Amino acid sequence: MLFFSNILFGEEIYAFENPVYEKRFSTLLNEIRCPKCTSGSLASSDAPISRDLKNKIYEMISFGYSDDEIITYVTDRYGNDSSYEPNFSENIVLWLLPLIFLIFCFIGFYLKRRI
Amino acid sequence: MQFLRYSLLIIPLVIIIFFGFIILNENNAREFVPIEMTKFSSTTLDNKNIKNSDLPDTYFLNVWASWCITCKIEHPFLLNLKSNGIDIVGLNYKDTKSKALGWLKELGDPYSISIFDYKGDIALDMGVTGAPETFLVKNGKIVMHHLGELNQEIWEQKFEPHL
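Residue numbers (the working numbering), protein chains in the order written: chain A, 1 to 115; chain B, 1 to 163.
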């Protein structure tokens, strides 16, 4: 007897034969931003475009695409902002800003001690 | 006092760097990165088969639907483009053929070809979020994508430089 796992997002029910696929689907939907919303993931959105993207991701998982390939598919079309995982190389300054701030503080303290 | 003086120097400097890079980042985000045009095989509103190779090397593609209010606002501008000899391919998005054809009969047809995308599959593959949206496709690549109403200002800003 086959057991199918079901996952409910919005009005659609997505059935998976493999629980790993179900977990990947759920993770991806929480990692990808709804393109039409100010904020909020695909999982939290019931906008028509989000429903279409959920169906597409479901289809891509079933066809054996990897998570990276699926995220690339979405970001190529809906921009890098679609992913909640910011790209390190494109945001390097923002990532390093706390370090820059610390360096300035150390320089400040060093100069203060010298004077 | 010395510390206060240095703080007055350091804090504005950090603020300038922070906002400087935010602005820089936004400018980078505005740059459009060309992607491959979707490979499709569909039908037109007048029931003819159509695929990529039937379209010219360079064309404007406008995503529209009869249920879309902004498309109605945009429509006169598209008719104006047509009267100036600009070919626009229409992508009728998640609509019904009868309503779409009725719209074109009533308001005028600015499209040289109207592709019918009932499920929105072609549009999804192109990165469409809704209607109206306009694309410029050159040699199989989407080189410009505008979300929302197309008007004279947007046309001059985003599309005309590519002509």
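Calculated directly from the structure, the hints in this document are not laboratory data. If you're wondering where the values come from, they're calculated on a predicted model, not measured in any experiment. Each residue gets a CB set at the ideal place from its N, CA and C atoms; glycine is no exception. Treat the hints with care, as some may be off.
For the chain A half of the interface with chain B, some residues (derived, Cβ under 10 Å), not all of them [unchecked claim]:
1) LYS23
2) ARG24
3) ALA47
4) ILE49
5) LEU53
6) TYR58
7) ASP76
8) PHE104
Residues of chain B clear of chain A, computed beta-carbon distances all greater than 10 Å [unchecked claim]:
9) LEU13
10) PHE40
11) LYS51
12) PRO56
13) ILE73
14) ASN80
15) SER83
16) ASN84
17) LYS94
18) GLY120
19) ASP125
20) VAL128
21) THR129
22) GLU156
23) PHE159
Verification of the supplied hints:
1. A least Cβ separation of about 24 Å between LYS23 (chain A) and chain B goes past the 10 Å threshold, and the interface hint is therefore violated.
2. Given hint, ARG24 (chain A) at the interface with chain B, is violated; its Cβ is 20 Å from that chain's nearest Cβ, farther than 10 Å.
3. Hint status for ALA47 (chain A) relative to chain B: holds, with the closest Cβ pair at about 9 Å, below 10 Å.
4. Hint on ILE49 (chain A) holds. Least Cβ distance to chain B is approximately 5 Å, under the 10 Å limit.
5. Interface restraint check: LEU53 (chain A) against chain B, minimum CB-CB distance 7 Å, threshold 10 Å, status holds.
6. The interface hint given for TYR58 (chain A) is violated, since its Cβ lies 13 Å from the closest Cβ of chain B, which is over the 10 Å cut-off.
7. Annotation: ASP76 (chain A) was flagged as interfacial toward chain B, and the flag holds, the nearest CB pair being 5 Å apart, inside 10 Å.
8. Taken as an interface hint, PHE104 (chain A) checks out: its beta carbon lies about 5 Å from the nearest beta carbon of chain B, inside 10 Å.
9. Its beta-carbon lying about 7 Å from the closest one in chain A, LEU13 (chain B) breaks the requirement of being farther than 10 Å from that chain.
10. Against the 10 Å criterion, PHE40 (chain B) stays outside the reach of chain A, whose nearest CB is about 14 Å from its own CB.
11. Even its closest Cβ contact with chain A, about 20 Å, leaves LYS51 (chain B) beyond 10 Å, as expected for a residue assigned away from the interface.
12. With 10 Å as the threshold on Cβ separation, the claim that PRO56 (chain B) sits away from chain A holds: the shortest Cβ distance comes to roughly 23 Å.
13. At the 10 Å boundary, the C-beta of ILE73 (chain B) stays outside the reach of chain A, the nearest C-beta of that chain being 19 Å off.
14. The beta carbon of ASN80 (chain B) sits about 29 Å from the closest Cβ of chain A, which is more than 10 Å, so the claim that it is off the interface holds.
15. Once the 10 Å rule is applied to beta carbons, SER83 (chain B) is consistent with being away from chain A; the minimum gap is 32 Å.
16. With 10 Å as the threshold on Cβ separation, the claim that ASN84 (chain B) sits away from chain A holds: the shortest Cβ distance comes to roughly 30 Å.
17. With a cut of 10 Å on Cβ distances, LYS94 (chain B) falls inside the contact zone with chain A, its closest approach being about 8 Å.
18. Non-interface call for GLY120 (chain B) relative to chain A: violated, since the shortest CB-CB distance, roughly 6 Å, does not exceed 10 Å.
19. Here ASP125 (chain B) does not stay apart from chain A, with its beta-carbon only about 7 Å from theirs, under the 10 Å limit.
20. Look at VAL128 (chain B): its CB is around 8 Å from the nearest CB on chain A, not clear of 10 Å, so calling it non-interface is violated.
21. A cut-off of 10 Å between C-beta atoms contradicts the statement that THR129 (chain B) is not in contact with chain A; the least separation is 5 Å.
22. Under the 10 Å C-beta cut-off, the non-interface status given to GLU156 (chain B) relative to chain A holds; the minimum distance is some 24 Å.
23. With a cut of 10 Å on Cβ distances, PHE159 (chain B) stays outside the contact zone with chain A, its closest approach being about 19 Å.
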